[in-house]
Amino acid sequence: DTTVKQNPRYKLARVGKPVNLICSQTMNHDTMYWYQKKPNQAPKLLLFYYDKILNREADTFEKFQSSRPNNSFCSLYIGSAGLEYSAMYLCASSRGGTNTEVFFGKGTRLTVV
Amino acid sequence: QQKVQQSPESLIVPEGGMASLNCTSSDRNVDYFWWYRQHSGKSPKMLMSIFSNGEKEEGRFTVHLNKASLHTSLHIRDSQPSDSALYLCAASRGNNRIFFGDGTQLVVKP
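As you go down the protein sequences, you meet chains C and E in turn.
Sequential numbering of the first sequence, starting at 1, is according to this note's numbering.
Sequential numbering of the second sequence, starting at 1, is according to this note's numbering.
Chain C extracted, bound-state conformation (with noise of 0.2 Å):
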């Protein structure tokens, strides 16, 4: 099974409170990654998780955390919901090492009211 899990499918959230996005894998997969995605725009990396250890990209750190209880599920989490975190987001997974394939969810769609 090479399926990665994000629910809800689809969030609506108002501005100014938390939204908390799950995903899982059952690939064991070393490696999860949640990406931004806007319409006609490259999907941007938010942040992944390679094992136990949260890697934040330099222009998002502030803006979102994460968790990782254990192999199978990584959280997406925004404190403070503003309009311009309407998006897609999608949760990926790849296998332990470097330059190995990414499977992706079939992400959450957020829209921030």
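What the hints contain is simulated information worked out from the structure, not anything from laboratory work.
Heads up, some of the hints might be wrong.
[As the list claims (entries may be wrong)] With a straight-line cut-off of 20 Å between C-alpha atoms, the simulated DMTMM-like cross-links for lysine to aspartate or glutamate are:
| hint | chain 1 | residue 1 | chain 2 | residue 2 |
| --- | --- | --- | --- | --- |
| 1 | E | LYS42 | C | GLU101 |
| 2 | C | LYS5 | C | GLU101 |
| 3 | E | LYS42 | E | ASP83 |
| 4 | C | LYS38 | E | GLU9 |
| 5 | C | LYS38 | E | ASP102 |
| 6 | C | LYS5 | C | ASP30 |
| 7 | E | LYS3 | E | ASP102 |
| 8 | E | LYS45 | C | GLU101 |
| 9 | E | LYS3 | E | ASP27 |
| 10 | C | LYS44 | E | ASP27 |
| 11 | C | LYS52 | C | ASP30 |
| 12 | E | LYS109 | E | ASP83 |
| 13 | C | LYS44 | E | ASP102 |
| 14 | C | LYS44 | C | GLU57 |
| 15 | C | LYS37 | C | GLU62 |
| 16 | C | LYS106 | E | ASP83 |
| 17 | C | LYS5 | C | ASP51 |
| 18 | E | LYS3 | C | ASP59 |
| 19 | E | LYS67 | E | ASP31 |
| 20 | E | LYS109 | E | GLU9 |
| 21 | C | LYS37 | E | ASP102 |
| 22 | E | LYS56 | E | ASP78 |
| 23 | E | LYS3 | C | GLU57 |
| 24 | C | LYS44 | C | GLU101 |
| 25 | E | LYS56 | E | ASP83 |
| 26 | E | LYS3 | E | ASP31 |
| 27 | E | LYS42 | E | ASP102 |
| 28 | C | LYS17 | C | GLU84 |
| 29 | C | LYS44 | C | GLU84 |
| 30 | E | LYS45 | C | ASP30 |
| 31 | C | LYS37 | C | ASP59 |
| 32 | E | LYS67 | E | GLU55 |
| 33 | C | LYS44 | E | GLU9 |
| 34 | E | LYS45 | E | GLU57 |
| 35 | E | LYS109 | E | GLU15 |
| 36 | C | LYS37 | E | GLU9 |
| 37 | C | LYS106 | E | ASP102 |
| 38 | E | LYS56 | C | GLU101 |
Given the structure of chain C, go ahead and fit chain E onto it with the hints provided.
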């Protein structure tokens, strides 16, 4: 963060025709390129990857890489309507960071 440029933004080819998509990285440290395909409403799925200079062929799909210019291209021969999708190019530099381009929207007209 934009390190991967794709062209064209959109492409229309007739069924049976050849589709050619381009991708260039501005990061000289990348050493691996990927092509992903995303059908509408679905998650991106890897098509092909390449890290050596030259060409790699899988069925109707051929990928070229020129490491000196950090340019890769994807060619689809005998294009089918089912090939209509968003094609994403990605580059990585061996540290788990994978960066994507904006994509090329391919439409194959019957």
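Inset, instruction - Below or equal to 20 Å on CA atoms is what counts here, so check LYS44 (chain C) against GLU84 (chain C). - result: Holds, because 14 Å separates the two Cα atoms, which is no more than 20 Å.
Legend entry - 20 Å Cα cutoff - pair LYS3 (chain E), ASP31 (chain E): holds (13 Å)
Legend entry - Restraint check for LYS45 (chain E) with GLU57 (chain E), where alpha carbons must lie at most 20 Å apart: Satisfied, since the Cα-Cα distance of roughly 17 Å is no more than 20 Å.
Inset, instruction - Measure nothing beyond the straight line between the CA atoms of LYS3 (chain E) and ASP102 (chain E); if it is 20 Å or shorter, mark the hint as holding. - result: holds (10 Å)
Legend entry - Agreement of LYS38 (chain C) and GLU9 (chain E) with the hint, judged by alpha carbon distance not exceeding 20 Å: holds (15 Å)
Inset, instruction - For the pair supplied as a hint, LYS3 (chain E) and ASP59 (chain C), confirm whether the alpha-carbon distance does not exceed 20 Å. - result: Measuring from Cα to Cα gives roughly 14 Å; hence the hint holds.
Legend entry - 20 Å limit on alpha-carbon distance, applied to hinted pair LYS56 (chain E) and GLU101 (chain C): Holds. LYS56 (chain E) to GLU101 (chain C) sits at ~17 Å (cutoff 20 Å).
Inset, instruction - For the pair we were handed, LYS5 (chain C) and ASP30 (chain C), check the Cα-Cα distance against 20 Å. - result: holds (16 Å)
Inset, instruction - Please work out if LYS42 (chain E) and GLU101 (chain C) have their alpha carbons no farther apart than 20 Å. - result: holds (17 Å)
Legend entry - Hint consistency between LYS56 (chain E) and ASP83 (chain E) [alpha-carbon to alpha-carbon, up to 20 Å]: holds (19 Å)
Inset, instruction - Would you mind confirming whether the straight-line C-alpha gap from LYS45 (chain E) to GLU101 (chain C) stays at or under 20 Å? - result: holds (9 Å)
Legend entry - Restraint status (C-alpha distance of LYS37 (chain C) to ASP102 (chain E) at most 20 Å): Within the cut-off at roughly 10 Å; holds.
Consistency with the previously given hints is maintained throughout, with no hint failing.
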